[in-house]
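Residue numbers (this note's numbering), protein chains in the order written: chain A, 1 to 383; chain B, 1 to 346.
Honestly, I wouldn't trust all of these hints.
What follows is a list of derived Cβ distance ranges for each label pair [said to hold, decoys possible]:
1. A:N35 <-> B:A293: 19 to 29 angstroms
2. A:L123 <-> B:D299: 26 to 36 angstroms
3. A:A272 <-> B:V224: 50 to 60 angstroms
4. A:T31 <-> B:T335: 23 to 33 angstroms
5. B:W334 <-> A:T31: 37 to 47 angstroms
6. B:P326 <-> A:A29: 25 to 35 angstroms
7. B:S174 <-> A:E165: 28 to 38 angstroms
These aren't lab readings, by the way, just hints derived from the structure by calculation. Being a predicted model, the structure only gives us computed values, none of them experimental. Cβ atoms here follow ideal geometry from the backbone N, Cα and C, with glycine treated the same way.
One letter stands for each residue in the lines below.
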Amino acid sequence: MNNIIKKFLPQILAILFVVLIFGFLTINAQTNMDNRGIDFGFGFLSQESSFDVQFSLIEYSGSDSYARAFLVGLLNTLLVSFISIIFCTILGVIIGVARLSSNYLIKNSAAWYVEFFRNIPLLLQIFFWYYAALRALPLPEKANAWFGVTYMTVKGYYIPAMVWENLNVFLYCGLAAIISIIVLRNYANNLRDTQGKQIPVLLYSIALLIILPLLSFLFGGVSLEFELPQLKKLSKISYIYEGGISLPPELIALVLALSLYTSTFVAECVRAGIEGVSKGQKEAAASVGLTPNQVLKLVIMPQALRIIIPPTTNQYLNLTKNSSLAAAIAYPDLVLVFAGTALMQTGKAIEIVSITMLTYLTISLTIAAIMNWYNKKIEIKEK
Amino acid sequence: MFKIIKQLTSVVAMFAVLFAFSTETMAAKKSKTLENTKKRGFVRCGVSQGLPGFSNADESGNWTGIDVDVCRAVAAATLGDATKVKFTPLSAKERFTALTSGEIDILSRNTTWTLSRDADIGLTFVGVNFYDGQGFMVRKGSGIASTSEFKNGTSVCTNLGTTTELNMRDFFDSRGISYEPVVFEKADEVVAAYDAGRCDTYTTDKSGLAAQRTKLSAPDDHVVLPETISKEPLGPVVRQGDSVWEDIVRWSLNTMIEAEEYGVNSSNADMMKTSNNPAIKRLVGAEGELGAAFGLDNDWNLRIIKQVGNYGESYKRNIADTGILPDRGPNELWTKGGILYVPPAR
C-alpha cells in the first residue's frame with residue numbers, strides 16, 4: 001500500500017498541477033474575453049474570407065472560406081519548406097564533404113561559407129535577398145532571357161509552363177520504372193548473397209528510369225508542350241509576362257535565405273557524421289580489397305548516416321519553423337495569410353493563434369516521425 | 001442548529017445582494033481605465049508606425065498628427081497635461097490585439113469604422129476624426145488616368161490586415177480583373193516595394209497615399225487616381241466594456257470639433273469664458289457641470305482647447321500646412337459644406 005502511494009502520488013500530483021494550470025488559464029481567458037465582449041468559437045472558418053492571396057497552389061478567391069484561406073497558407077508554408085529542405089540538403093552535403101577535402105582551397109572556402117552564412121541572423125539574410133538582391137533586378141521589359149526562355153525580373157521569375165497530354169500514362173510509366181528498379185535491386189542483392197555475382201544495378205536503374213517514360217511518349221500518346229512566358233503591356237510603362245509560371249520574388253528570396261542558412265548547419269552535421277566514423281573502419285575496408293567508392297558507400301556512409309540523421313532532423317524542423325519569417329517579406333505563408341490577414345479581419349486572435357500553433361506542431365511532429373522512421377531503417381541491425 | 005445556519009445564510013445573502021448592488025452603482029460612475037490612467041500618470045495610446053499628418057514621430061521622438069492630437073486631448077482632459085501620453089507604434093496587424101489585451105487604452109491609428117470591427121471583436125468606435133476613402137496611386141508615365149484602365153495581371157502593393165485588402169478584392173472582382181496582391185506588414189515596406197517597381201499600383205486610403213507619396217524617391221513622378229472606391233471613416237477606438245472611458249474619449253474629440261464650430265481656439269479660449277453665448281461658455285467650462293458626468297473637473301474641455309487646440313487648428317498644423325491634403329474636402333465643418341457634425345455638448 002505504502003509503495004503504491006509512493007509510486008503514484010507524485011504522478012497524480014503532477015497531473016493535477018498541469019490540469020489546474022490549464023484550467024486556470026482557460027477560465028482566466030474566458031473571463032477576460034467575456035469582460036471585453038469577445039466571443040469564442042470556430043464558426044468563422046466557414047465564413048467567406050473576402051480577401052485575395054497573391055500566390056496559391058490551389059484554386060482560391062475571396063469568395064472561398066477562411067478554412068480554405070488557411071489551407072492556402074499551409075500549402076505555401078509546406079511548399080517553401082519542402083523546396084528549401086531539398087536545396088539545403090544538397091548544398092549541405094556538398095559543403096560538408098568539401099570541408100573534409102584534402103584540397104586547401106576547397107576546404108577553406110567551405111569553412112568560410114559555413115562561418116559566414118551561419119553567423120548572420122536569418123531575418124537579415126531574408127531582407128538582404130529580398131530588399132537588396134532581388135530588388136536590383138530589371139523590370140520585365142528590360143529583362144534578358146536566361147536559357148532563352150526564362151526571365152528573372154523584379155516582379156518574379158517567369159518560366160515556361162508544361163502542358164501535358166495524357167499525363168497519367170506518363171506517370172504510370174514512371175511508377176512502373178520505379179517498381180521494376182526495386183524488383184531489380186532485390187534480385188541483384190539475392191544474386192550477390194547466394195552466388196557472389198555482382199551486376200551494375202545503378203546503370204540498369206538509370207536506363208529503366210529513362211526508357212520506360214520515353215516509351216510512353218512514343219506509344220502511349222503522351223505529349224508535352226511548353227507554354228512560354230510572353231511580354232504583355234499593362235500600361236505605357238509597365239509590363240508583365242503572361243503564360244508560363246511565375247515564381248514570385250518573395251518565394252525566391254525566402255528559399256534562397258532559408259536554404260543557404262540551413263545548409264551550413266546540415267554541412268556541419270554531415271562533417272560530424274563522417275568524422276565520427278573511426279579511421280580504422282576505412283583502413284580495414286581498404287585492406288579487404290574494397291575500392292574507395294565501395295568503402296564510402298558500404299562502410300563509411302551507413303555508419304555516418306546514423307550520426308547525421310538526428311541532428312539534421314532538428315535542422316529541418318528549424319527550417320520549417322523559420323519559414324514563418326515569410327511574413328516579413330510578403331510571402332503569403334500560414335502566418336501572413338491566416339495569423340495575419342484572417343486574424344485581422346475576424347479578430348479571432350485566440351482561435352487563430354492556437355490553430356496556427358497546432359499546425360506548426362503537427363508539421364514538426366510529422367517531419368520528426370518521418371526522419372525517425374528513416375533513422376530506424378538505416379540503423380545497424382545486429383545479426 | 002439548522003435554524004442558525006439558515007439565518008446565517010440569509011444574512012450572507014443579504015450582504016451579497018447589497019455588495020453586488022453597490023459595485024453596480026459604483027461602476028456606473030467610475031471608470032477603471034480612468035482610475036488606472038490617473039494612477040499611472042499618462043495615457044497609453046496606440047498609433048501608427050509613421051504616417052505623416054496622422055501620427056508620425058520626428059528625430060527626437062515627438063509625435064505629431066491629428067490622430068496623436070486625439071490622445072493628447074484625452075490626456076489634457078483627464079490628467080491636465082497634453083504631453084502625458086505614452087505612444088505605442090503599432091502595425092495594422094497588431095493594433096486590435098494591443099487594445100483588447102489592455103496594452104493600450106486608446107487606439108488612434110487611422111482605423112476604419114466598420115460593422116464587424118465594432119460589433120465582433122470587443123472594440124467600440126467613439127467617433128470619426130477623418131473621413132477618408134480608398135484610392136490608387138500609379139506612376140505618371142504609365143499614362144493611366146482612371147482605375148478603369150487597369151488590366152489583368154496588375155500587381156497591387158498594400159498593407160496587411162486592413163479594410164484596404166477587402167475593398168480591393170471587391171473592386172477588382174466586381175470588374176472581373178485578375179490582380180496580384182502583394183501585402184506587407186509595414187507601410188514603409190509597401191512604399192519601398194512600389195518604389196522599386198515590384199507593383200504597378202499602390203492602394204490605401206487617399207490621405208495615406210498623399211502622405212506616403214512624400215516618402216517616394218521621386219514624389220512628382222506619381223499620381224493619385226481620382227476615383228474613390230470605398231468609404232473609410234477613420235476614428236479612435238476604445239475597448240468595449242468601459243462606457244465612461246468611451247465617453248471621455250468621444251467627448252474629447254467632439255470638444256475639438258465643436259470648438260472650431262463656435263470659433264473657440266487655443267489662443268482665445270480663456271477670453272471666451274465671458275462670452276454671451278451659453279454654448280461657448282459650456283465649451284470652456286464656465287457654465288454647467290459637464291465634466292462631472294464622467295468624473296472629471298469642470299475645466300476638462302478648456303484644457304483640451306488650450307493645450308491641443310480645436311479640430312481646425314489640428315488639421316491645419318498637421319495636414320494642411322505639411323502639404324499632405326491642403327483641401328479639407330469632407331473634413332470641413334457641416335456649416336461650411338463638409339460633413340463634420342457632432343452632437344451638442346450640453
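Structure-based check of all given hints:
Distance hint for N35 of chain A and A293 of chain B: a CB-CB separation of about 23 angstroms, consistent with the stated range 19 to 29 angstroms. Look at L123 of chain A against D299 of chain B: about 50 angstroms separates their beta carbons, and that is not inside 26 to 36 angstroms. In this structure the hint that A272 of chain A and V224 of chain B lie 50 to 60 angstroms apart at CB holds, the actual value being about 58 angstroms. Distance hint check: the CB atoms of T31 of chain A and T335 of chain B are about 47 angstroms apart, inconsistent with the given range 23 to 33 angstroms.
The supplied range of 37 to 47 angstroms is met by W334 of chain B and T31 of chain A, whose beta-carbon atoms lie about 43 angstroms from each other. Between P326 of chain B and A29 of chain A the CB atoms are about 48 angstroms apart, so this pair departs from the stated range of 25 to 35 angstroms. The hint said 28 to 38 angstroms for the Cβ distance between S174 of chain B and E165 of chain A, and at roughly 36 angstroms that hint holds.
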